[in-house]
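*Asks:* Kindly produce the complete structure, drawing on both the sequences and the hints.
The listed protein sequences correspond, in order, to chains L and E. Taking this note's numbering, the leading residue of the first sequence gets 11, the next gets one more, and so forth. Taking this note's numbering, the leading residue of the second sequence gets 20, the next gets one more, and so forth.
By construction, these hints were calculated from the structure, which means they are not laboratory data. Keep in mind that the hints are not guaranteed to be accurate.
Some chain L residues judged to face chain E by a derived CB distance under 10 Å, without partners named [to be verified]: (1) ARG48; (2) SER84; (3) GLU85; (4) ALA89; (5) ALA92; (6) ALA98; (7) GLY99; (8) PRO102; (9) LYS125; (10) MET129; (11) PRO135; (12) VAL136; (13) ASP189; (14) MET306; (15) VAL324.
Which residues of chain E face chain L? A partial, calculated answer using Cβ under 8 Å [claimed, not checked]: (16) ALA226; (17) LYS229; (18) GLY230; (19) PRO252; (20) LEU253; (21) LEU259; (22) ALA260; (23) GLU286; (24) MET309; (25) SER312; (26) LEU455.
These numbers come from a predicted model, not from an experiment. All residues carry an ideal CB built from backbone N, CA and C; glycine is no exception.
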Amino acid sequence: MAASLRCFLRSGKVGTFLVTVRDALNQAMDEELERDERVFLLGEEVAQYDGAYKVSRGLWKKYGDKRIIDTPISEMGFAGIAVGAAMAGLRPICEFMTFNFSMQAIDQVINSAAKTYYMSAGLQPVPIVFRGPNGASAGVAAQHSQCFAAWYAHCPGLKVVSPWNSEDARGLLKAAIRDDNPVVFLENELMYGVPFEMSDESQSKDFTIPIGKAKVERQGSHITLVSHSRFVGHCLDAAAVLAKEGVDCEVINLRTIRPMDVECIEGSVMKTNHLVTVEGGWPQFGIGAEICARIMEGPAFNFLDAPVTRVTGVDIPMPYAKILEENSLPQVKDIIFSVKKTLNV
Amino acid sequence: MKTMLAIISNALCRITGRSAGEQTVSELLIGLSEFVNLTSPPAAAAVPPQARRLPPKPPPAGGAAQLVSSRTDQTDRPGARVVASRSLSDFTPQATFDIKKCDVHRLEAGPPVRAELTREQGLQYYRTMQTVRRMELKADQLYKQKIIRGFCHLYDGQEACAAGIEAAINPSDHLITAYRAHGYTFTRGVSIREILAELTGRRGGVAKGKGGSMHMYAPHFYGGNGIVGAQVPLGAGIALACQYQGNNQICVTLYGDGAANQGQLFETFNMAALWKLPCIFVCENNKYGMGTSVERASASTDYYKRGDFIPGLRVDGMDVLCVREAAKFAADHCRAGKGPIIMELQTYRYHGHSMSDPGVSYRTREEIQEVRSKSDPISLLKERLLSNNMASVEELKEIDIQIRKEVEEAAQFATSDPEPPLEELCNHIFSNDPPLEVRGTNPWSKLKSIS
Chain L
11 MAASLRCFLR
21 SGKVGTFLVT
31 VRDALNQAMD
41 EELERDERVF
51 LLGEEVAQYD
61 GAYKVSRGLW
71 KKYGDKRIID
81 TPISEMGFAG
91 IAVGAAMAGL
101 RPICEFMTFN
111 FSMQAIDQVI
121 NSAAKTYYMS
131 AGLQPVPIVF
141 RGPNGASAGV
151 AAQHSQCFAA
161 WYAHCPGLKV
171 VSPWNSEDAR
181 GLLKAAIRDD
191 NPVVFLENEL
201 MYGVPFEMSD
211 ESQSKDFTIP
221 IGKAKVERQG
231 SHITLVSHSR
241 FVGHCLDAAA
251 VLAKEGVDCE
261 VINLRTIRPM
271 DVECIEGSVM
281 KTNHLVTVEG
291 GWPQFGIGAE
301 ICARIMEGPA
311 FNFLDAPVTR
321 VTGVDIPMPY
331 AKILEENSLP
341 QVKDIIFSVK
351 KTLNV
Chain E
20 MKTMLAIISN
30 ALCRITGRSA
40 GEQTVSELLI
50 GLSEFVNLTS
60 PPAAAAVPPQ
70 ARRLPPKPPP
80 AGGAAQLVSS
90 RTDQTDRPGA
100 RVVASRSLSD
110 FTPQATFDIK
120 KCDVHRLEAG
130 PPVRAELTRE
140 QGLQYYRTMQ
150 TVRRMELKAD
160 QLYKQKIIRG
170 FCHLYDGQEA
180 CAAGIEAAIN
190 PSDHLITAYR
200 AHGYTFTRGV
210 SIREILAELT
220 GRRGGVAKGK
230 GGSMHMYAPH
240 FYGGNGIVGA
250 QVPLGAGIAL
260 ACQYQGNNQI
270 CVTLYGDGAA
280 NQGQLFETFN
290 MAALWKLPCI
300 FVCENNKYGM
310 GTSVERASAS
320 TDYYKRGDFI
330 PGLRVDGMDV
340 LCVREAAKFA
350 ADHCRAGKGP
360 IIMELQTYRY
370 HGHSMSDPGV
380 SYRTREEIQE
390 VRSKSDPISL
400 LKERLLSNNM
410 ASVEELKEID
420 IQIRKEVEEA
430 AQFATSDPEP
440 PLEELCNHIF
450 SNDPPLEVRG
460 TNPWSKLKSI
470 S
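*Replies:* Take a look at the structure:
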């Protein structure tokens with residue numbers, strides 16, 4: 011089913027496919043639903059509407075009412091129901107239409123899901139995935155544009171994952187569903203329609219990407235750029251421009267926010283001596299702030315030739331007008347500017 | 020009579036050093052019976068034809084003074100010589116009792132108004148309730164000695180709810196409640212010592228000391244939940260899992276009169292009804308949400324009707340048989356695929372909301388005393404058993420003594436067991452994961468976490 015919807019275009023290279031992030035997520039869920047009877051999906055519009063963003067397209071038709079459940083608009087209620095189902099032996103995927111609405115249910119995510127295994131000293135695991143689009147979209151204004159990466163990543167007991175491309179989406183979602191712990195899976199609405207090449211091996215039904223491991227998307231020697239989700243793409247674009255000016259950037263895709271792969275960043279910084287973090291969220295108490303603190307506490311600090319630079323969203327609620335919205339988020343030119351400032355070129 | 024009882028109660032309180040009003044006269048006498056031999060005046064029993072023993076002697080004249088007799092003065096006490104030769108065939112094996120009719124909402128009929136009770140069941144319910152009672156009183160004691168810290172929400176007064184529900188469901192059914200959870204932790208199978216050791220924060224506690232009063236778990240028992248109302252969607256989720264797995268199990272999901280106004284309850288009621296989840300929602304209405312009486316908190320105090328489109332029952336929560344019959348009725352309803360049902364149990368807690376609440380600023384001591392003397396669940400059952408010759412005073416006293424001993428031993432364990440080892444501080448963050456490193460309080464402190 012998902013295969014037939016895949017944007018399938020053989021590029022010049024042998025053994026690669028072009029798949030959108032949406033289809034990668036869809037495929038991953040389809041395969042995991044097939045593999046394990048205990049897996050089911052619930053959320054608003056996930057079944058008969060095929061998903062608010064069509065991520066669950068075709069699944070209800072294939073698996074029916076029992077496995078794909080449309081809920082009323084009751085985030086706190088259905089998130090709690092999902093957690094209870096996980097406690098009683100099922101493996102729910104709980105979709106929030108966007109993570110902004112997860113705030114209604116955040117008590118269930120943190121107090122009922124994240125903390126329970128610890129509070130019960132190992133008696134009660136909670137194998138659940140909370141997924142949905144996170145962060146800014148386009149023109150949806152302040153209440154629908156917040157990034158929750160820092161909020162969830164603050165809490166022990168949760169794993170927080172933020173894929174960028176289709177391979178990330180597929181591998182990390184399968185890993186999240188197979189994980190026996192609560193995983194917050196932060197997607198990005200603007201990435202859903204973006205196609206990426208996927209390797210042959212990523213098509214295996216058992217292809218998973220380990221949670222907690224970052225990926226070096228581009229090797230470089232002058233400066234390290236660390237990012238997650240959509241802004242990894244911005245970093246790569248910036249790196250391409252900078253390469254023409256003789257600045258060689260290493261770009262790291264975090265993939266997982268919590269537990270963060272600090273070793274990967276440290277290893278890179280010890281090589282390049284310069285670090286810039288890039289995120290869509292607000293600066294205060296954010297992902298970049300955490301990376302700065304961790305670098306300072308570790309061996310890489312002594313390898314820094316300049317303080318770490320954070321590139322973040324502007325510290326304001328997201329405005330609506332296009333020009334204002336564009337200038338509220340990191341653009342490629344902001345990354346290029348920050349890199350040059352950090353390198354003092 | 021009431022004044023007489025109050026005088027006796029106060030006198031006995033002074034003797035035993037407890038504060039007035041906290042316990043019924045019969046409880047105090049039970050407490051004193053460890054030190055002196057006592058008999059409580061046997062009720063004038065309706066002696067069934069098959070009983071062979073003589074009718075009991077009338078109570079001694081002179082009131083309290085004569086009840087407190089010395090050990091040597093044994094020969095004129097009723098039953099003293101009969102104990103050794105009492106045989107089981109003397110007891111009534113089974114009796115049927117009239118129980119209060121339940122108010123119903125959206126139901127054609129309610130639970131039966133007569134309940135059968137065998138001697139074995141009676142003794143078992145007695146034992147369960149008395150154990151919970153003594154365990155909670157022991158927790159009170161330990162808390163006052165500062166051996167238990169933090170939150171401690173005691174269940175004494177509400178024992179019939181836990182005992183009655185457990186009597187009506189199977190061990191394979193599921194149950195989840197809020198923070199006043201020690202009673203259910205016991206009825207769902209956790210030992211007294213594991214409960215008390217969890218309260219005292221020791222490694223032998225059911226959650227190895229990491230959970231405390233509000234976070235105890237057992238198979239098919241999901242705690243113990245600290246956030247008011249959050250357990251209700253969880254319970255519906257457990258019921259969803261039962262339905263999903265087709266195992267004919269149900270989930271009993273408890274909440275209080277305070278939680279009854281939480282929005283997430285109504286979200287849950289909607290989904291449970293929509294999907295016909297096999298969930299019994301039980302509102303333990305003990306008339307006060309912390310310090311706020313039900314009239315001050317709820318526009319409608321008919322909690323059994325608050326589910327609107329969900330059928331409901333209002334049940335006498337101080338009568339274990341009433342609770343049992345209602346819970347059976349509710350369980351059958353769910354298992355028949357009719358969807359959820361709400362049970363409001365009208366009950367009462369003797370203690371305040373928690374150990375930091377004396378419980379008398381928002382209600383009168385007279386009110387508490389009245390419930391103790393007229394509606395105590397253990398006394399109610401005891402009177403039924405005795406007046407129907409289903410058990411003897413001595414037998415029940417023997418059970419009381421055994422329970423005291425068990426609770427005392429458990430408390431011994433709970434106070435002597437060591438605290439959890441510091442090496443295990445960071446364990447149990449994740450399930451089924453390789454060990455990970457956890458940051459300590461400073462960057463040089465790298466701790467280890469094992470699943």
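*Asks:* Confirm or reject each hint.
*Replies:* Hints, one by one, checked against the model:
1. ARG48: Where the cut-off is 10 Å and the nearest Cβ of chain E is about 8 Å from ARG48(L), the hint holds.
2. SER84: With a minimum Cβ separation of about 4 Å from chain E (threshold 10 Å), the hint on SER84(L) holds.
3. GLU85: holds (8 Å)
4. ALA89: holds (7 Å)
5. ALA92: holds (6 Å)
6. ALA98: holds (4 Å)
7. GLY99: holds (6 Å)
8. PRO102: holds (8 Å)
9. LYS125: With a closest approach of 9 Å, the LYS125(L) hint holds.
10. MET129: holds (4 Å)
11. PRO135: Holds. Min distance 4 Å.
12. VAL136: holds (8 Å)
13. ASP189: holds (8 Å)
14. MET306: holds (8 Å)
15. VAL324: This interface hint is violated because 30 Å lies over the 10 Å limit.
16. ALA226: holds (4 Å)
17. LYS229: holds (5 Å)
18. GLY230: holds (4 Å)
19. PRO252: holds (2 Å)
20. LEU253: holds (4 Å)
21. LEU259: Hint on LEU259(E): holds, closest Cβ of chain L at ~5 Å, below 8 Å.
22. ALA260: Since chain L brings a Cβ to about 4 Å from ALA260(E), closer than 8 Å, the hint holds.
23. GLU286: The hint holds - GLU286(E) has a Cβ within 8 Å of chain L, the shortest such distance being about 3 Å.
24. MET309: violated (19 Å)
25. SER312: Check failed: Cβ of SER312(E) comes no nearer than 26 Å to chain L, outside 8 Å.
26. LEU455: holds (7 Å)
Checked against the numbered hints given earlier, this structure breaks hints 15, 24, 25; the rest are met.
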